[in-house]
Each structure stands twice: as structure tokens, then as C-alpha cells.
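Chains as they are written, first to last, in my numbering: chain W, 1 to 232; chain D, 233 to 599.
FYI, nobody ran anything at the bench for these hints, they're computed from the structure.
These stretches of chain D come out as covered by chain W in the derived footprint (C-beta under 8 Å, 3 or more residues):
(1) 277-290
(2) 317-329
(3) 337-343
Okay, derived cross-link-like pairs now, DSS-like style, lysine-lysine, Cα gap no bigger than 25 Å in a straight line:
(4) D/Lys366 x W/Lys150
(5) W/Lys182 x W/Lys10
(6) D/Lys540 x D/Lys552
(7) D/Lys586 x D/Lys485
(8) W/Lys150 x D/Lys339
(9) D/Lys243 x D/Lys315
(10) D/Lys371 x D/Lys339
(11) D/Lys315 x D/Lys416
(12) W/Lys150 x W/Lys128
(13) W/Lys128 x D/Lys249
(14) D/Lys371 x W/Lys128
(15) D/Lys243 x D/Lys302
(16) D/Lys552 x D/Lys579
(17) D/Lys579 x D/Lys540
(18) D/Lys484 x D/Lys595
(19) D/Lys366 x D/Lys339
(20) D/Lys552 x D/Lys576
(21) D/Lys586 x D/Lys552
(22) W/Lys128 x D/Lys290
(23) W/Lys150 x D/Lys371
(24) W/Lys128 x D/Lys339
(25) D/Lys484 x D/Lys586
(26) D/Lys576 x D/Lys540
(27) D/Lys315 x W/Lys128
Quick reminder that beta carbons are idealized off the backbone N, C-alpha and C, glycines included.
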Amino acid sequence: MDLILEGILKAFYLLFTFDPEVMKITLLSLQVSGTATFISLLIGISFGTIVALAEFPGRRLVVSLINTGMGLPPVVVGLFVTIFLWRNGPLGFMGILYTPAAMIIAQAIIATPIVTGISLAAVQALPKNLRLQILALGATRFQMVWILIKEARLPLLAGVMAGFGGVVSEVGASIMVGGNIKGYSRVLTTATVMETSRGNFDIAIALGIILLLLAYLINLILTHIQQRERPR
Amino acid sequence: MSVPPPLLAVKDLQVRKGGTPVLEIPSLTVEEGTILSLIGPNGAGKTTLLQTLASLIKLERGEIFLRGEKVTSNHGLLRYRRKLAMVFQEPLLFDMTVFQNVASGLKIRGMGSGEMEKRVMENLERFGIPHLVKRSAHKLSGGEAQRVALARALAIQPEILLLDEPFSSLDPPTRESLIEDLEKILRQTGTTTIFATHDRMEALRLSDRVAVMNQGRILQIGPPAEVMNQPIDEFVASFVGVEAILTGRVVKKDGGSFVASIMGREVEAVGDVELGESVVFCIRPENVTLAAHSFKESSSARNVFQGKILKVVPLGLYYKVQLYCGFPLVAYVTSHSLENLALKEGKEVVASFKATSIHVVRKRIKT
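Please take these sequences and the hints and turn them into a complete structure.
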């Protein structure tokens, strides 16, 4: 029991004194996952909107693939990114294995299907006649798509949150392609795994609290979005 | 001398859905400043016709002309679409403020903010909702939302306004006040309007011409009274109803009752109208009584007219008697009274109906 209590006290001490090691890890986590989420937004929102609006043969298959991708196991992603970036792998010449860049790539691959799937659902959930109404107000196709995306902005924000939440708490791929190098590619999750295995529960708990706070913040925003009503 | 082309003309229009034709309109014209209503049951093709005219549905075949100019594909289509506005059954407002909603069509056209603000406020005032300008669209009631949707469409100052049953999801009092306001606005602005409805009273009240549709075709088109009094076939007859529809003008007013002149005959009815106003009377056949002779002690609230029977149509348990007594009238009689009165074509009879049994529809005040 003492172990836990002492750990929590030490954790809060580390947090409130802005321990440089903890801060550095947190900042890198936010940078890597933030960048990965941003990349996944660019790809996911465009792709999701296209699939939602277009009619083409095999659309069902594409939708089911996207939905499967939303549950992509991070270790599988980590495995394939590692193989591709391996010294004599197809992309080995880039020399970015065990760098934050590799982590961003892996996390973007994990987040993109999540953002795509939620964007697809968000645009599809808009009233069917809304597209016609926008065109009937004189919009070009491009203006129509832009207005639709703006109309779906809240559920899309939910996609952003879900994507970010998914990658910031992910450990498998990050440790495989990032290597958990101190001061270079060590993020909240990989650090927690390492400190726990070493028995440094105080730091592990401090990092855990930060992760929990992030998760809470994300869910707070998500709940707020989901409770909001659409106009008639 | 050349006659200016109609505002909108349609030729040989055909639309298919999944291979089967859902709309076939050999020809249709709409004159500037008039209101055409499309009536028909669900699935008659009213919505398809409106969406086709709004160029939201691909034509299988056919041509659309605006002021005599053919609407061509691609660039011409957008230019054409920007001259129209359409309001759907649902308000379909954007998740923004009322101001932004009403401004959206103008913003799409790249209008400057000064003029845009003027135009938005002008249209909110028209619909009596300037106080809602800053309200979020999702905090509006159904009636308010539909008013905003109409203001958004009219803000564009469309050459043609297309309305697809815009009142059908509203409760009766809300619907009534909105129809009244819209009628005023459309007449003031002289906006050419095509209006789909399944409520023939709405059609009668708002429109200059009525087109009855079924299975993707226009069965009959003409002035409301003509379509309703002389339906060309059984379907039109069953859909537009069986009443005699009479148009007249209020000539006398006395408390709750008034007298309207209908084709030279004076008919008394009950209702709140204004002198000189145009009214439409709907007289249901079951409220018309036929007799061989005029009875002396008829009450003053009863309209009595001498007339001649044009046609007797058997309808199972009773007969439909069409007669002419200075204006067309229809009565139902039982087979018993048919025999008693010896009713047949060409026979002179006396028809009577109570002032209170007339359904009065107020038309706009003629200026």
C-alpha cells in the first residue's frame, strides 16, 4: 500500500515542479501524436468525404475496409513500418527508423482510418436533401462539398479527437519504430512501459496521470459535441 | 409583333429512375409573375418535376428554356441554377445563425457584406422574424425555421421560386399564418412561383394556375376554378374534390355575413371578408337540396336558385346531379328523391344551400 501512496505523492511532486524529464516526454508525445493526427486529417477528411458523396461500384467494400482499418492493431502497423524502414527495406534509404519521424508515420497510419471512418459517417449523417438544397442555392460542386464539410464540423471534430486519442495512448507501434530512446524518441506510453518494468512507479504514475488527463479532456469535448443538436 | 417568350418553358421532358420513366412532360410554360401549383398524390412526380426544373436531376431527354433561351449543360447550368431558388419540405437550415443562413445564397454568389446585410434584414423583416437574426438555427421552432428557409430563398431574388410542400410539416395555425404572409410577399415581389402541394385548398388559394399530376404526368392544367369544376377525368375529379368551386367578389357586407356576386348572381355566405375582395366559394354536393318548386317561407340565410339539370350520374347509393343556375352547382340526391322529383337532364329545379354551409376561401385583394 505504501508503494502506491508514495508513488502518487512523488508523481504529483514531479508534475507540480514541472520535472524537466516528464515535461520533455509529454511535449514529444503531443508533438508526435499531434503531427500524426494532422496528417491523418488531411487524408481522412478528404477521403471520407469523397467516399460519402460518390457513388461507384465496390463502394460497400471500400466502406467495410475503412471500418476494419479503424481497428488496425498498432503492433501490426509497427511491424510493417519497421520492415519498410529497415536498413535494407524498401524505404530503408531514408534512414528514419528509431526517430520521431518514423513514429509519426506509424501513428498517422493508425489514425487515418479512424478519421476517414468518422468523416464518412459524419458527412453521410447529414440530411439527404441538404446537398440538393445547397446546389439549389446556387453553389458550385466545390462550394457544395465545402459547405457540407462545414456542416459536419462537429462530428469531424469528434474524428479528430478519436484519432488523437487513439495514437497518443498507443504503445506498440511507437516502441517498435521509435525505440524509446531517452531524450529523443521517448513518449508518454513508451516511458510508462519502461519505468514500470524498472520499478520506478513514481514516474510511471506521473506519466499515467498525464495520459489520463488527456483522455479525460478528449472525452469531455467529445461528449459536448455528441450532446449538441442539429438544426431542423 | 413578337410576343415575349414565357419566363419558363419546358419541352418534351423525360426523367428516368432505374430505367423506368418517372416524369414525362411534353410541354409546360410558366408566365412571369404567376403562381403555378402542382397538386397530386404522393409519388405523382411533383418533387421530381421541381428538382428537374431546378436542374438537380439529370434529364433523360428534353429542353428547358428561360426567357426563350435554351439552358445548356455545364456552365450554362450553373448560371441557370443561380436564377432559381428552391425550398424543400424540411427547412434544411445550416448549423449557423439565422443571419448566416439567410445570407448563404448571397455568399455563394460572392456578394459584398454591406449589400448582403441589407438584403438579409429586408427578407427577415418581410417574414416578420428580424428579432431572430442572431439566433442559432438549431434553436428555432418548426414555423420559424421554415420562415428562415423561405427568407434564405427569397434573399437571392430568384426569377423562379420552387416550393416543395413547404407547409406540410407545420401545425395548422402556424401553417395558416405562414401561407398568409407568403402569399402577400409573393404578390408584392411578383415572384414567379411553382409550388407543389397535396392540399387543394392551398393550391386554390395561392395559385393562378393548377396542374394536377399523377404517375409523372400532368393530367390537367388551368385556372383553379376551371380544373376543380371541370375535371377532365375521374382521377382529377377524385383528387380535386367534388365541390362546386365558384369565384366571386364581395359586394355587400353585414356583420358576420356577406353577399358575393358570382357570375351575376348574388350568393350569401358567412365569413370575415372585405368589400371588393375576391373570394372562392366551395359548396359540397351533400349541402345542396333540390326541390321541384321554390318554397315560400325559405329563411333569409338560405340561397335559393332556379336552375336546369345538365347531367345525372349514378354513384351507387345516391346520384350526382350537375346543374346550372347561373353558375355550375352539384348536388347529391338519394334514388328515392330522384324518383319523387322525377329528376332528369333538362328538367328545371330549385336548388338551395345554407349560407353557413359554404366554405369561403379568401383570395388576395385585387389592386
